[in-house]
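Chemist: Okay, here's what each chain looks like letter by letter:
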Amino acid sequence: MSLAYYPGCTLKTRARNLEESAVASMEALGLKLDEVPKWNCCGAVYSLADDDLIHRVAPVRNLIRVKKQGKTELVTLCAFCLNTLKRANLLMRQDVEKRDTLNRFIDEGIDYSGEVKVVHLLEVLRDEIGWEALAQKVKLPLHGLKAAPYYGCTLLRPREIAIDNVENPTVLGDFLGALGASPVDFPESTRCCGSYQVVGDPGDIAEYARPILNSASSHGAEALVLTCPLCDYNLGRGQKELLKKQSGFREMPLLYFTQLLALALGLGSRICHFELNHGSSESLLRAKNLLSQGESVRPIGG
Amino acid sequence: MTKKVPVTISPKKSRREFIKKVKELSGQNLQLCYQCGLCSGNCPAATNMDISPRRIIELARLGLEEEIANSKTVWICASCLACAVNCPRGFDLSRVMEAIRLLTLRKNIDHVRPEDIPLEERCELPQIAMVSGLRKFTG
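As they're listed, the protein sequences go chains P and X. Residue numbers for the first sequence follow this note's numbering, beginning at 144 and rising by one. Residue numbers for the second sequence follow this note's numbering, beginning at 410 and rising by one.
Since the hints were made in silico from the structure, they are not lab data. Every residue, glycine too, gets a C-beta built ideally from N, C-alpha and C. Careful: at least some of the hints might be erroneous.
Dumping the calculated SDA-like pairs for lysine to any residue here, alpha-carbon to alpha-carbon at most 20 Å [claimed, not checked]: (1) X/Lys-429 with P/Lys-181; (2) X/Lys-430 with X/Glu-474; (3) P/Lys-241 with P/Lys-289; (4) X/Lys-432 with P/Glu-331; (5) X/Lys-430 with P/Glu-331; (6) X/Lys-432 with P/Asp-193; (7) P/Lys-181 with X/Glu-474; (8) P/Lys-210 with P/Lys-260; (9) P/Lys-214 with P/Lys-241; (10) P/Lys-289 with P/Glu-331; (11) X/Lys-432 with P/Asp-194.
Some, not all, of what chain P presents toward chain X, calculated at C-beta under 8 Å [to be verified]: (12) Lys-289; (13) Ile-304; (14) Asn-308.
All chains should be built: construct the whole structure from the sequences, respecting the hints.
Modeler: Written out as structure tokens, the structure reads:
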């Protein structure tokens, strides 16, 4: 079985550790991620102005290509892409006037009215595979790994596109539990990392990162588990500065959820591209006996 | 005999125009807000702002464009929507922040000039940051 898959720009460069571990993991679970032909950048952020239709063109064009691909569901890995595509899709479903204008403008040969369902990979794992079935596929349980799920903003806000309960999300914690890890709840798990402010005022990024990292650390987390390449960049950059500025600050390894999935499924570390991660993720995983000294994973109990 | 001072109870035309534009762009009813301040309380960037999120709404509905334009608040907002999901009145402040940003950007005044971003930053920042940042800070 295959699912239409939208990678987005950053997953082809800086976040290859997010993408390649996901593609391999889903194949191991019997689902092929089938990249949307000729996809384009989704625009990263959804325009919040009512009259700004031109910025809806990029995400809607991608959705039309999914329809042309003959698929009814689109999977994303990047939380930003999910947000932008899902909100554009909602607009095409709900606003007839804007839908008609966009369909007239976008010359793709077919009209689109929001037929495709946009989902995040975590939703596929939760709703289509299920935590119990996932747990049964685990070859290397992540026992002893205290990992804090960090949701950030775009998986959960606005409310109408949230993949889970906005106030009390559990999907990422449940996922970690299915892999055998010990999820660590902390109150700042949905606090903004600063997002695109890193472009306007990079000096402030450490101050966005500080409460998130300190809170996770004080609740006993050994690593933060992410879904978004911009959260990864900001929290990584922020903690580099905090190491210089805050005495006693402890570096927090940042891991993509798909890297932990690949490890737990026994796919080895090479596919995870830990060399692209911020923080000392590899030494933490090695200390937990989740990585061997060399390249391959040391299997526990076959 | 005391001199009579005229009392203006309706905003000036320029103020009315500003209120109208903000409403049109944001799609938000500014009168919904009852100033409880949950938006400010939930905003992760409020401590960096010179005018709090709650006060931005009040200034916007009074049409005080200059006060808002001179503030850095709308440029600090990261559109994280913590205000919107926590508002008991269903008001989406992030859309008002965007509308106010656009009133500047659509005059062809960029908040960040791409050419001013140092070369090493341009090489360092991932696409997701560059695309989203330039979408929010340039016209």
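Chemist: Taking the hints in turn, state whether each one holds.
Modeler: Here is how each hint holds up against the structure:
no.	hint	result
1	X/Lys-429 with P/Lys-181	violated (41 Å)
2	X/Lys-430 with X/Glu-474	holds (11 Å)
3	P/Lys-241 with P/Lys-289	violated (47 Å)
4	X/Lys-432 with P/Glu-331	violated (32 Å)
5	X/Lys-430 with P/Glu-331	violated (35 Å)
6	X/Lys-432 with P/Asp-193	holds (10 Å)
7	P/Lys-181 with X/Glu-474	violated (44 Å)
8	P/Lys-210 with P/Lys-260	holds (10 Å)
9	P/Lys-214 with P/Lys-241	violated (24 Å)
10	P/Lys-289 with P/Glu-331	holds (16 Å)
11	X/Lys-432 with P/Asp-194	holds (11 Å)
12	Lys-289	violated (24 Å)
13	Ile-304	violated (10 Å)
14	Asn-308	violated (11 Å)
Of the numbered hints listed earlier, those contradicted by the structure are 1, 3, 4, 5, 7, 9, 12, 13 and 14.
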